[in-house]
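Enquirer: If you read the sequences in order, they're chains Y and V. So for the first sequence, my numbering puts the first residue at 227; every next one is plus one. So for the second sequence, my numbering puts the first residue at 1251; every next one is plus one.
These aren't lab readings, by the way, just hints derived from the structure by calculation. Hints may contain errors.
In silico EDC-like links for lysine to aspartate or glutamate, alpha-carbon gap of 20 Å or less [stated by the list, open to error]: (1) V:K1542 <-> Y:E322; (2) Y:K454 <-> Y:E322; (3) Y:K454 <-> V:D1573; (4) V:K1597 <-> Y:E471; (5) V:K1542 <-> Y:E287; (6) V:K1639 <-> V:D1288.
Remember, it's a predicted structure, so these values are computed and weren't measured experimentally.
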Amino acid sequence: MRFNHWNLRHDLLNLVPISYTWLEQPYNQKGFYLSALVLIFGDVSMSMSEELVKAIVELDEGKAVELARKRLETEDPLNILNDLTKAANIIGEKYEKGEFFIADLVMAGEILKAVSDMAREKLKALGKRREVIGRFVIGTVEGDIHDIGKNIVVTMAEAAGFEVIDLGVDVPPQKFVDAIKQYNPDIVGMSGLLTLAIDSMKKTVDAIKEAGLRDKVKIIIGGGRVDKYACEYVGADAWTNSAAEGVKIMLKWIEEKKMR
Amino acid sequence: MAMEPIDEWIKRHEKEPEEVAKEKLNRFLKAVELKVPDRVPIAGAAGDFLCSYTGITWYELSYSLTDKVENAVLKFVHDFPSDWPILLVPMMLEGFALALAFAEFPDFSNIIRFLTGPLHDVLKDKWSKWPGRELRDNMHPQFLGGEFMKPEEYKQLIDNPVEFMNQVILPRVCEGLGKPGSSKWNGAWIRAGIAMQKVIAFQINLFTAIAKAGYPIIPLGTNAYAPADVIGDFLRHPTGAMLDIRRYPDNFKAACEALVDPILKVATAVPPTPPVPLFFIPLHLNEMLPPKLYNEFYWPYLKRIIETLVSKGYKGFVIFEGDHSPHVDTLLELPKGWGIGWFERPKDFIKIWEKLKGHTIVMGGVPTTLLSGGTPQQIDEYVKNLLNKIKPEGGFIISPSIGELPAGTPPENVRAYINAALKYGTY
Chain Y
227 MRFNHWNLRH
237 DLLNLVPISY
247 TWLEQPYNQK
257 GFYLSALVLI
267 FGDVSMSMSE
277 ELVKAIVELD
287 EGKAVELARK
297 RLETEDPLNI
307 LNDLTKAANI
317 IGEKYEKGEF
327 FIADLVMAGE
337 ILKAVSDMAR
347 EKLKALGKRR
357 EVIGRFVIGT
367 VEGDIHDIGK
377 NIVVTMAEAA
387 GFEVIDLGVD
397 VPPQKFVDAI
407 KQYNPDIVGM
417 SGLLTLAIDS
427 MKKTVDAIKE
437 AGLRDKVKII
447 IGGGRVDKYA
457 CEYVGADAWT
467 NSAAEGVKIM
477 LKWIEEKKMR
Chain V
1251 MAMEPIDEWI
1261 KRHEKEPEEV
1271 AKEKLNRFLK
1281 AVELKVPDRV
1291 PIAGAAGDFL
1301 CSYTGITWYE
1311 LSYSLTDKVE
1321 NAVLKFVHDF
1331 PSDWPILLVP
1341 MMLEGFALAL
1351 AFAEFPDFSN
1361 IIRFLTGPLH
1371 DVLKDKWSKW
1381 PGRELRDNMH
1391 PQFLGGEFMK
1401 PEEYKQLIDN
1411 PVEFMNQVIL
1421 PRVCEGLGKP
1431 GSSKWNGAWI
1441 RAGIAMQKVI
1451 AFQINLFTAI
1461 AKAGYPIIPL
1471 GTNAYAPADV
1481 IGDFLRHPTG
1491 AMLDIRRYPD
1501 NFKAACEALV
1511 DPILKVATAV
1521 PPTPPVPLFF
1531 IPLHLNEMLP
1541 PKLYNEFYWP
1551 YLKRIIETLV
1561 SKGYKGFVIF
1571 EGDHSPHVDT
1581 LLELPKGWGI
1591 GWFERPKDFI
1601 KIWEKLKGHT
1611 IVMGGVPTTL
1621 LSGGTPQQID
1631 EYVKNLLNKI
1641 KPEGGFIISP
1651 SIGELPAGTP
1661 PENVRAYINA
1671 ALKYGTY
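Chain Y on its own, in the form it takes in the complex (with noise of 0.2 Å):
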């Protein structure tokens, strides 16, 4: 049904006489116009929005561009930013349901990563920040290099709303340590491809335990090797083997905390 009004609503936007050209004009000038727009049609933006979050999850990269280069001619930047966060969630949901796979994840981060980049830049020529939702340290733990992964979760998380500080690969327990300490994170993520991370993943829990730090954060591991039993060997509140489920879970997180 949703869908269905979308594409009504999408319809109508095209026989306004005022054409999408239009909507490149200087935003100063036509504000009272898309004021007159919104109160005849309802929320335009919201269709605008919908077009976008659309087209990124079914991942027309061309399209998803394209779309947001147009938006952010006119439009708040932070709109932009939600729009990422609804098409992150949602490829979330289709990744935990098994239609989207890591392909897909990879394809969804550059579209993510492109239009973030847009406008982000934009915010900052404005002079605006994004409220950030929690914040978020991750690094690729001793002895491990790979970081495929970890960078989806960074695209996934940025996107979600969190400001993330990438620790980089190979990441000795004393650097997250002292990352915990310098930026006081909500969430801690330890990523890790080989067998061994497991065993520094642990080494690092113990470091954050030893440092007295260990109630003051939440951490998730994630990797392919990845499970419910290297979760409970190195003492992490949750594991995942996807980023998209990672995510989700920090998000819930988030939200736990706020009910506190």
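Here the structure of chain Y is known, so what remains is to put chain V in place on it, guided by the hints.
Expert: Quick look at chain V alone, frame taken from chain Y:
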């Protein structure tokens, strides 16, 4: 304290190694023919655990072709006996691109299929990093791959994959080689030959010693690769390959098509070798692709390679990395008994088994994380349960989910795995 089954088996290895080796070979051959052996064959696992247990470093396991390493490996296979120890000594990493670059040389294309530390020292390739070199002594050697080909170069790859690998990619990736045909290039290949000779001499000694300790020699016969993984691992990086499939689908497919023949050339350079004429393929992009892309860009080319080799008398040994469940039905398109499928971490191992039993020899079943993080009781219970569900059908090899156990794995857990398989594995 009563002797456990593993202790009895160790004793037999010491007393009658030849008899034990014969039993192992028969067991393995039966399983590979999808028949019921006397007991489920047990595959071993090494990795970090081999180093930590025997007190050698990753540097030594990669570079030191000495008695110290040989003795460590012998101690390891003595203390943790198995029917099929899968040992990479010295440590080896992916290097199939090298085999492809020399596909026209059947006398050594297969020998240069893996990267070793000594070979890495000569080539100075950017694909891999090694302990005592780019990494600390106690760090696992790591294959990273990278982006060494631009999307615009697909045409060159398609036109002549072997020449492109040899003349364009190798000089780009391997700083030790210099320009093709230069004296640096020629000298480096002579050095590479010498390095490989040393490694082979060491391996012959080592495997003779292992054979004397009660192990049949079941070599990884010959080697092949999935065309899409050649692109992902050696040319475009997995991330790049996954994007190319969407951005340049026609080029990607044409490149896979062009790679089939050279891969088969490398694989058939070694004739089917008894006792089991295995060809080895590790899959990498498989689990990352949605079925639609897998069925269009990955499987058709891999399937042709497997089918061709099976028709020539080889048997597959394919590692299905990650969770292969979404694609498992496609395996039924292969002829019955085509080979061994080692499944790393399918969502539901029993489902894989139910689907493939009597068709594919299924290997795996025991999560390495359970072995490293569980207790002996948990492991015993798990293996008992697993084997209850899988027997009495043949064609199964029990194995850790991947051949590498982390350093901190308690030795009593690995013993518990072997013990349980011995106890509950008899048919």
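Enquirer: If you check each hint against the structure, which ones fail?
Expert: Hint check: nothing fails, all pass.
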